[in-house]
Amino acid sequence: MKKHIEFTSAPIVVPPRPGNLRETGACVEFHGIVRETENGRAIPALFYEAYEAMARLQLERIADELNAAHPCDEICLIHRLGPVPAGEASMYLRVLSRHRQEAFAFAAGFVTRLKADVPIWKTAPPASRCTAP
Amino acid sequence: MQITVFAFAHTRDQLGFGEKVLTCEAQDTPRAILRRLAPQFDPGKTVRVAVDREYADWDQPIGSASELALIPPVSGG
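So the sequences go chain by chain: Y and W. Heads up, the first sequence is in this note's numbering, so the first residue is 1 and it goes up one at a time. Heads up, the second sequence is in this note's numbering, so the first residue is 1 and it goes up one at a time.
Calculated from the structure, these hints are not laboratory results. One or more of the hints may lead you astray.
[Unchecked claim] Listed next, the in silico EDC-like pairs over lysine to aspartate or glutamate satisfying Cα-Cα at most 16 Å (straight line):
id: 1; chain 1: Y; residue 1: Lys-122; chain 2: W; residue 2: Asp-13
id: 2; chain 1: W; residue 1: Lys-45; chain 2: Y; residue 2: Asp-117
id: 3; chain 1: Y; residue 1: Lys-122; chain 2: Y; residue 2: Glu-38
id: 4; chain 1: Y; residue 1: Lys-2; chain 2: Y; residue 2: Glu-60
id: 5; chain 1: Y; residue 1: Lys-115; chain 2: Y; residue 2: Glu-52
id: 6; chain 1: Y; residue 1: Lys-3; chain 2: Y; residue 2: Asp-64
Just so we're clear, the structure is a prediction, and the values are computed from it rather than from any experiment.
Work out the full structure, taking the sequences as your base and the hints as a guide.
Here it is in structure tokens:
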């Protein structure tokens, strides 16, 4: 399985799907989007930070473990850091596999474990760290 | 030996630092190191510790590790 894991402070640009997909029958994509309210309070943005070196290590391991149970061809994860305005994607995940069952199961498991174990945090941004309106 | 201690998110705000380097011994545990750094701070059951980028036990000696990180509840995605 090929893995692309990226952190970026810029808006997420979905990379083009790889061209040589003769054995790939499923492509599952997930965009995590910053809501305009959090706990009933309107927010202009969220601020994301990560312990990036450890986060990469954990994400690679989670991907390998999930791949053993739900074999996939390729995954692409892009996660924002810094301020992310409401309405923009904070993360993007794409899973390519031969059949849909593996891609759905992998994607669901990956997001669940990312939210439980990967050292990434979101907070309401202090005004000084947020350039969103 | 020296170890770099990282604190993130609200744990950084509570401790007042994001990164500190200090001298320690291989038999020191993360709990002992934290107690030395911030005697008043109790990680409780929600703040995990990572040693050299792997989740670790608060009471396991750090050995030859060079990084220790305080990991409050994560919330990525």
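Hint check:
For a cut-off of 16 Å, the pair hint linking Lys-122 (chain Y) to Asp-13 (chain W) stands: about 14 Å separates their Cα positions. With a C-alpha separation of about 15 Å, the suggested pair Lys-45 (chain W) and Asp-117 (chain Y) falls inside the 16 Å cut-off, and the hint holds. For the proposed pair Lys-122 (chain Y) and Glu-38 (chain Y), the alpha carbon gap of about 11 Å is at most 16 Å, so the pair holds. Only pairs whose Cα atoms come within 16 Å are accepted, and Lys-2 (chain Y) paired with Glu-60 (chain Y) is accepted, the gap being roughly 10 Å.
For the given pair, Lys-115 (chain Y) sits about 15 Å from Glu-52 (chain Y) by alpha-carbon distance, which is consistent with the 16 Å threshold. Note on Lys-3 (chain Y) and Asp-64 (chain Y): the hinted pairing holds, with a Cα-Cα distance of about 9 Å set against a maximum of 16 Å.
Checked against the numbered hints above, the structure violates none of them.
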